[in-house]
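Use the sequences and the hints to build the structure in full.
Quick note, the sequences are listed as chains A and B, same order.
Each residue of the first sequence is one higher than the last, beginning at 50 in the numbering used here.
Each residue of the second sequence is one higher than the last, beginning at 50 in the numbering used here.
It is worth saying that the hints were derived from the structure and are not from the lab.
Not one of these hints is a red herring.
Identical chains share a label here; the pair holds if one copy fits it or two copies do between them.
Below, simulated DMTMM-like cross-link-like pairs (lysine to aspartate or glutamate); rule was C-alpha separation at most 20 Å, straight line:
id	residue 1	residue 2
1	LYS684	GLU314
2	LYS211	ASP229
3	LYS303	GLU686
4	LYS695	GLU324
5	LYS702	ASP128
6	LYS327	GLU179
7	LYS211	GLU221
8	LYS695	GLU318
9	LYS333	GLU686
10	LYS509	ASP111
11	LYS694	GLU324
12	LYS287	ASP220
13	LYS684	GLU318
14	LYS695	ASP319
15	LYS533	GLU749
2 protein chains.
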Amino acid sequence: MASFSDLYSNEKTKGLDSNFGVDFVINYKIPQADRANAEAGFVQLIEALTHVGLTTEVRRGDKQSVLVFIKIADKFLDDQVYRSRLQDWLQGVRTTSSDKDLSQALRDEPVSDAERLRLVYLLIVKPKNEGGASITPQSGRWKHVDSIFPLHNHAFNKQWIKRVSTKGQTDETDLDEIRDKFGESVAFYFAFMHTYFKFLTVPAAAGFAAWVLLGQFSWLYALVSCLWSVVFFEFWKKKEVDLAVQWGVRGVSKIQHPRPQFEFERQAEDPVTGESVKIYSPIKRLQTQLLQIPFAAACILVLGTLIVTCNSLEIFINEVYNGPFQSYLAFLPTVILVVMTPTFSTVLTKFATRLTEMENYETIDAHHAALVQKEFVLNFLTSYMALFFTTFVYLPFGDRLTPYLDFWRSTAQKITPKDVSFQTQEFVVNPDRISKQMFYFTVTAQVVNFATEVIVPYVKRQVFEEVREVQSKISKEGDAAHIKDHPEEAAFLERVRKEADLETYDVTGDYREMVIQFGYLSLFSVAWPLAACCFLINNWVEMRSDAVKIAISSRRPIPWRADSIGPWLNALGFLSWLGSITSASIVFLCSSSGKGSGPHGAPGSIQAWGLLLSVLLAEHFYFAAQFVVRLVMTKLESPGLQKEKKERFMMKKRLLEENLGQGVSDQAATPGIEKTEMITLKTLEEEARRLSTQGHGGAEEAFWLRQRGMGEVIQIGRNLISQSVSGNSTKA
Amino acid sequence: MASFSDLYSNEKTKGLDSNFGVDFVINYKIPQADRANAEAGFVQLIEALTHVGLTTEVRRGDKQSVLVFIKIADKFLDDQVYRSRLQDWLQGVRTTSSDKDLSQALRDEPVSDAERLRLVYLLIVKPKNEGGASITPQSGRWKHVDSIFPLHNHAFNKQWIKRVSTKGQTDETDLDEIRDKFGESVAFYFAFMHTYFKFLTVPAAAGFAAWVLLGQFSWLYALVSCLWSVVFFEFWKKKEVDLAVQWGVRGVSKIQHPRPQFEFERQAEDPVTGESVKIYSPIKRLQTQLLQIPFAAACILVLGTLIVTCNSLEIFINEVYNGPFQSYLAFLPTVILVVMTPTFSTVLTKFATRLTEMENYETIDAHHAALVQKEFVLNFLTSYMALFFTTFVYLPFGDRLTPYLDFWRSTAQKITPKDVSFQTQEFVVNPDRISKQMFYFTVTAQVVNFATEVIVPYVKRQVFEEVREVQSKISKEGDAAHIKDHPEEAAFLERVRKEADLETYDVTGDYREMVIQFGYLSLFSVAWPLAACCFLINNWVEMRSDAVKIAISSRRPIPWRADSIGPWLNALGFLSWLGSITSASIVFLCSSSGKGSGPHGAPGSIQAWGLLLSVLLAEHFYFAAQFVVRLVMTKLESPGLQKEKKERFMMKKRLLEENLGQGVSDQAATPGIEKTEMITLKTLEEEARRLSTQGHGGAEEAFWLRQRGMGEVIQIGRNLISQSVSGNSTKA
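Dropping the structure here:
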């Protein structure tokens, strides 16, 4: 296991310096109860791998598994690379190509680690009819295949971690390197983080200034924050396209990998490529998709009830209840929330997964996007509902809550022994409640999150390792027949066994964290403008801890390609829009009710038209800002798109040159005058003569032969002119 | 002149059956005062035309002009067509192309009338450095060139008019024919009309039903109308792309024609094509564009004052004033409006034109779009402001208007002789006012419009012709030296002289009419749901009268290309959005104030929050509908785009086949399994042997040579499996 100290020690660490040329490792489980089946499966596995042209070696894994090492023959890899690049070109992802040299050009481009690993992985998992081994881990025939993973390049990881911890910022070269090692999917996450971090400085500065000068609930800060979110969103949309072009993956999301679990109803011919494609009735899918409505309703009901209950209980205990154990009871709602929210979330996430499976998508991307969408609804509810409750129920209608709090009072009285004295105090709405909640979500929650994400797994791993070492010592003592590793491989194999035990890295979780954070900023930061400052610090740590997470605490991810941050883009746009509404509401509700004796009189007597007008104005400010920013963005030349355009243009021009000769292609590109000059008077006169000698008579020929050549036209024209004028003058 | 009767008579009309092979006619004016200059200009004109390869003939025009007839040599046309198509291909407008046959393919495609005329026209007007004659009518050196126009194909026009008057509907073939004769720009207008007409049946039916069952101001009708406008807009956006692909003009708006009046500051290299391009500082242009804000303010002020004054005067006269001449005075405001609105509009339009010229756009399209935008603001104000005044001032605040009406009362009293008795009555808000206005705009205005558009020009032309014939008789009698036409050309020349006198057809005016009509429907039809029925009837006539207008009352238009309805698309989207807001406001304001004793009590005591809530809900209903409709539209395969995709794919595949042979291209298109099967165990074993014989030692080689071939891997794997399990069992 590559721990922190390993990566920083200068002495060569055993087993980390080389991957032995291994591309992928399969961890094959052998459960005691199903040994015979597992053995048969193993034989099939090796056969399937060998048949698609992969070399294998087998070694002992942990006690209940064997490790299969996979390597692709170099000659065969070239073939795969060439074929994949040709496909990209056909699908319009690649522009580089001239006709004759196409073959050579594609072969000449160097193959990055990410490309190599992606192609080998595809070879392992692709269906048989597409030339793959069709091995799908943990399902069906391959249920004993626990995992298929590439090995970390620890030399690179070491450098990378060193660089991110010493350097202030990630730059373009760093991103390119991440892309070469972990694929565009992970690189896009780091690019997004990078851009988001740089942009965060603006609301951080504005928030700090607002905090010092304007206090909370400033409409000026709300405007700045709204404008910022619009600019950030539009900028990223453009940046994303630029990066995709730069990395040569623009349009890659159109090339989709079929989902092995997809069940089709019939086959039909693809109207574009003419291939046979599998079809599932979109009507049927729509029917299943409609189940999302009751699902969302159930989520709102379950999580909403939980959050409203706990919040009102908390309000009762903190602000009304004054009896015994008050200081201990104050923790009760939080404990309930902390225990119940993940429980309910897990159950609902399972439902979401099941629902998405029932929706039966053709491609992995569509499936993933649908799942992310549902999970986003869940995250949205668990993250923001408490704040929504405070903003839209507690603050405006707080004083009308009293009867509902009586429910808690009577419950409390029932469960309290009769003889214990029980006090309550008058309930008063506390507008600082929202700021306190924001503080909790931006500071406490982020710290807790960092701990669970980085520190807990690290400690857990250390403990497990200790335990295992002790166990294996005991087992070795008891089991003399244990197979020893070859001494020169021992360190390497030990390291691979440890990597097999690590978690799978999923970039979705990291995106989710950032998007939810963006949501806090956009929706509620007007209640606590320092939020952006906290996020700035948090993200500085996050960027580094994410690198550590990928390099040390996870198996190396499959280097998938991507041309965008995918479904998260819509989520960002949605949060940015919603932010304009909530910010305006918070400013209106809190700045008037907060002062108690504002122009609207007592808190609670909030004027509906004022609130609606604020929302209407804020939302239209948002739309106007979006319109203007988009207009400006379209005016700015995107370097990526320009590069792409130029490549396409040059490619076509080269094609023309090769086929039609230099001259024509130049003429076509810039309509020249040379050719027209060749058409002299003589040519025209010849044409006239030809017409006259053909002489199939008629008025038309006669018409065009009355004036032969330019000279005659001019002469007769001048006659006409002088006559027309003289004719006029005689009349005049 | 081809009048109605000409087109319907079966006997061949003299001069209409043939165009004598003429492509274009230049009407060259010879003003008496500037004869010498005009003559010099004429010589230059003929020289310039001849130098770009065009054949010319000159004939007498009307008394102060000569007609220059232009024809392109067939051989030279082929060259122009080929070059233009090559350029299209380079710019990505055309997909049809394989490398070897590119040249042949482009030559083989037949040339339509529209293409021929467009290329000849470009040859005449293009700048010299792009191979044209650089003749710009009515400006600079060419100020005596009055017009350059192609001749009508009367045989086609006759058929066309016959078809549109007998057939119920325009269909795809008709559109294709219009495109072949008048170019895509005009064809797009008819396609839009066609789609709009078909769509209109829905609000017409809904409006009729609402009128009968629900009365005015029905929120149900407002919802249907909003939904309809969203569906129509999104459908047309899709249809437009489809048509552009079908006509092979998709992306043609990117190929822009430079504006001859454009003034550049410096030259730079185009980043894509590498050509030198002229550049004008966008900052400077932005500064000029900012003048649009005071311009719009001035328009609102001038037209607003006029409309508000006349409206309030009309309210006073009709609803308050009860004195003498009331029935005559009632026409006063209308007369003022009818006289002043066009006057102010003309002045403001001149300002708009001047402003657009100052903005100094590079291309004709950009200039045109900017002008249309400004004109749209003017049209918007003149068309809708009266209705806006009624909806948002008269209806909600009508009772508070009384003090302002007192201004008119006192004015009236001042100008009335003291002895005349003067009565006024109590002012009561009349909610039917808006319906009356709508009736005026949908019925009266459309009838008036039809008259001014079709009947007046027709009558005018007939009268002028009579006058001229009489005049020419007189002049002939007085001027014996008058040049006679050759008898076989006389009828043809007479017809050309008449065509030279016709108006220029500008499709912009027709688009404007339809877009403004769509605006009435979307913004105010809830006040008078029968509007759509009237529009349906109007448009049935309009489609036919437009055909007549193009074929008979106008010169044949230059057949420009287009891939969209251009700037009108944005106007439609804007009106559709605004409609959701105004409809909701009208429903709220009128259905509550209309009833007088509605839930909100007396009219005038309208609750602001109710209005704001209606608007908020309606607008979000609009956005939600738009979101859903767009989602559905993206799911629907567009036949045009699919065709384009297929063409591109086939083109690339053919390219591959030709260069790399059948096998590889098949493989690339559908990743086959054949090649992988060739990699047998033998190959892998050979690789292993090669590795061992090379033998530069090391742990890596040793690692991969421990198990030679699949058999050994399986054997050793099975051993490991049995050992691992037995090891487990001994422990257990």
